[in-house]
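Protein chains: 2
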Amino acid sequence: MSKFWNDKIKEIEPYVPGEQPKDKKYIKLNTNENPYPPSAKVIEKIKSMNLEDLKLYPDPDVTELGKVIAEYFSNKINNKITYKQVFIGNGSDEILAFIFMTFFNAGDKVYYPDITYSFYPVYADLFNVKEIKIPLNDNFEIEIEKYFGLDGHIIITNPNAPTSIALKLEEIEKIAEKNPSQLVVVDEAYVDFGAESAVKLVNKYDNVLVVQTFSKSRSFAGMRLGYAIGSENTIEGLNRLKFSFNSYTIDRISIEAGIESFKDDEYFEKTNAKIIQTREKTSEELKKLGFKVLNSSANFIFISHNKIFAGDLYKQLKENGVLVRYFAKDRIDNYLRVTIGTDEEIGIFIEKLEDLLGNNVN
Amino acid sequence: MSKFWNDKIKEIEPYVPGEQPKDKKYIKLNTNENPYPPSAKVIEKIKSMNLEDLKLYPDPDVTELGKVIAEYFSNKINNKITYKQVFIGNGSDEILAFIFMTFFNAGDKVYYPDITYSFYPVYADLFNVKEIKIPLNDNFEIEIEKYFGLDGHIIITNPNAPTSIALKLEEIEKIAEKNPSQLVVVDEAYVDFGAESAVKLVNKYDNVLVVQTFSKSRSFAGMRLGYAIGSENTIEGLNRLKFSFNSYTIDRISIEAGIESFKDDEYFEKTNAKIIQTREKTSEELKKLGFKVLNSSANFIFISHNKIFAGDLYKQLKENGVLVRYFAKDRIDNYLRVTIGTDEEIGIFIEKLEDLLGNNVN
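From first to last, the protein sequence lines are chains A and B. Everything in the first sequence is counted per my numbering, starting at 7 for the first residue and increasing by one. Everything in the second sequence is counted per my numbering, starting at 7 for the first residue and increasing by one.
Because the hints were derived from the structure by calculation, they are not lab data. Check before you lean on any hint, since a few could be wrong.
Since the list gives no way to pick out one identical chain from another, each pair is judged satisfied if it fits inside one copy or across any two copies.
In silico lysine-lysine, DSBU-like type, Cα no more than 30 Å apart, as pairs [to be verified]:
#, residue 1, residue 2
1, Lys324, Lys184
2, Lys16, Lys184
3, Lys210, Lys16
4, Lys335, Lys358
5, Lys14, Lys90
Extracted from the complex, chain A is given alone in its bound form:
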């Protein structure tokens, strides 16, 4: 089935997104979606937009949304970020692909943890970049000394996925400081759930490029919006790539919805706080059931039980209507990644666990 495919498409193993089964209604704790809807102001904005204007191209530079994001972070970190330091993408995965295409040459090295976002190896393969995986320690933590003075680009997911564990800002800073000529990409998909953003570093270190997404903390998985913040130099590079690839990546509705999301900071803070609260409560309850629960700064937890194999538990939960994510991979094949849902969803998840553990342990 590969008559016209090029050499790369013949051999590559594409990324596999979390399953979205349609056979029945599940409690979906498998793709790190936000259990709460986008801000009511966002929804109101979409419904009240002049949608006749969809006949016209959007602003290819996405300037208005870029300015809102720049202003938000300027206030947050008390240091000026300009819109020329903000790049908007069609989801943060698109931005990660663009980063490989903009900053990495074929044959370059890129360093990341052995356990991290499983899309990076696919990008490395697609763009012929040599990946070097640095093992997490036995507690699944990044040991930052292993990232000092490297001879290649660096990608750090913070908090890391699927481990949920965060580095401190000063640790990220140390990595940036020790690699002044290497691009340090900080993928902060989950940062709003308990870690500190490296946006604070971008005016001091021109090698730090932060990637964030609307998909998790802004309840926009269905909308496709992400952004990168860095030096004007790195952002200009991303724009050169974008305008050589697809000038109009962001549609008019996404732009308006994105602006409105950043304006409703109160809702954003409130839903994030709620998810953190549910996460902490869930972690405590799971520990009582005998689970090992890694110390999470994300909207998911990474758990393991010594009485039941994670792969089996995944299957039994699915049969019982609860979807979680299982990775059949070295080192983590006895762990489950569980998205933090509403209190009600988590209540059912824990009930099911109690039943299953009762059945399995006795």
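Using the hints provided, position chain B relative to the given structure of chain A.
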């Protein structure tokens, strides 16, 4: 300004989209947008959607929209097209980039006319594919014999841009037939305004891959949707690339709006017919003013006047509030590309032309 850029980003010349000036309100006849809004049913659908669901990822396979498009074309060509023959992209430019990444190896040759969509040379450069430009004849027509038995991939824009001239379906078929081992990409961004689609050929020729867009005939420039139709083999290749690049390229609103657009065929046919009617009338009037007007099958016309240089006319029109597109390029630097607007917009355009020609000729 290129500290972290890779070799390609340092040298590439990005595509320059048509200008979208914000200094004042123009009559915009420069980016081939549709002068009519999307179908009222599309707008109603967006306003009545459950937007709380934006918290959830969209279907990464975009199956539902793919099925609607497959059914539409099955009926139209009276031959079964399945959803596995349909690929959906974030605008047709994204699909064109994906095509380069899926089917072309670095060092391959790709053939296209010397005068055609100016994004192709950017893709060729970005992906290290060797472009070979085949000159249009003196009437700006593609001579199909020049495309027989080639030793590289082929891209044909039909109708061609910015010339507006279409090939007949049997001419496209001849090119496909004479290059059975080469992929023949038919970029049909403007096909609904008067040419015949090569979708009719995809079940007979597995090397034909048709690209269409919602941006023009479906009034969706602001929404970002395109699709490709080909053999299951080529579409599977595009999906392998997509899932190695960005799994979720299409947001939930675009999917629903796209489905609704295909359902309202009556509005689609009506607005296209109206634009064709305005185009024919405009062409006649311009000829009376002494313009050479190429025979258009698109939603734009390509015009030239022997008494006033196109570059000057472009500037004077802009000063007078009318934007058209001017390409300062070999062979076409005395032509203007003018999008067909509403009758009212075209009326003002022609009035301004009459004034300017009076001033310039006398």
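Taking the hints in turn, this is what the structure says about them:
| no. | hint | result |
| --- | --- | --- |
| 1 | Lys324 with Lys184 | neither (45 Å within a copy, 53 Å between copies) |
| 2 | Lys16 with Lys184 | between (38 Å within a copy, 25 Å between copies) |
| 3 | Lys210 with Lys16 | between (43 Å within a copy, 24 Å between copies) |
| 4 | Lys335 with Lys358 | within (25 Å within a copy, 68 Å between copies) |
| 5 | Lys14 with Lys90 | between (34 Å within a copy, 21 Å between copies) |
Figure legend: structure checked against the earlier numbered hints; the only hint not met is number 1.
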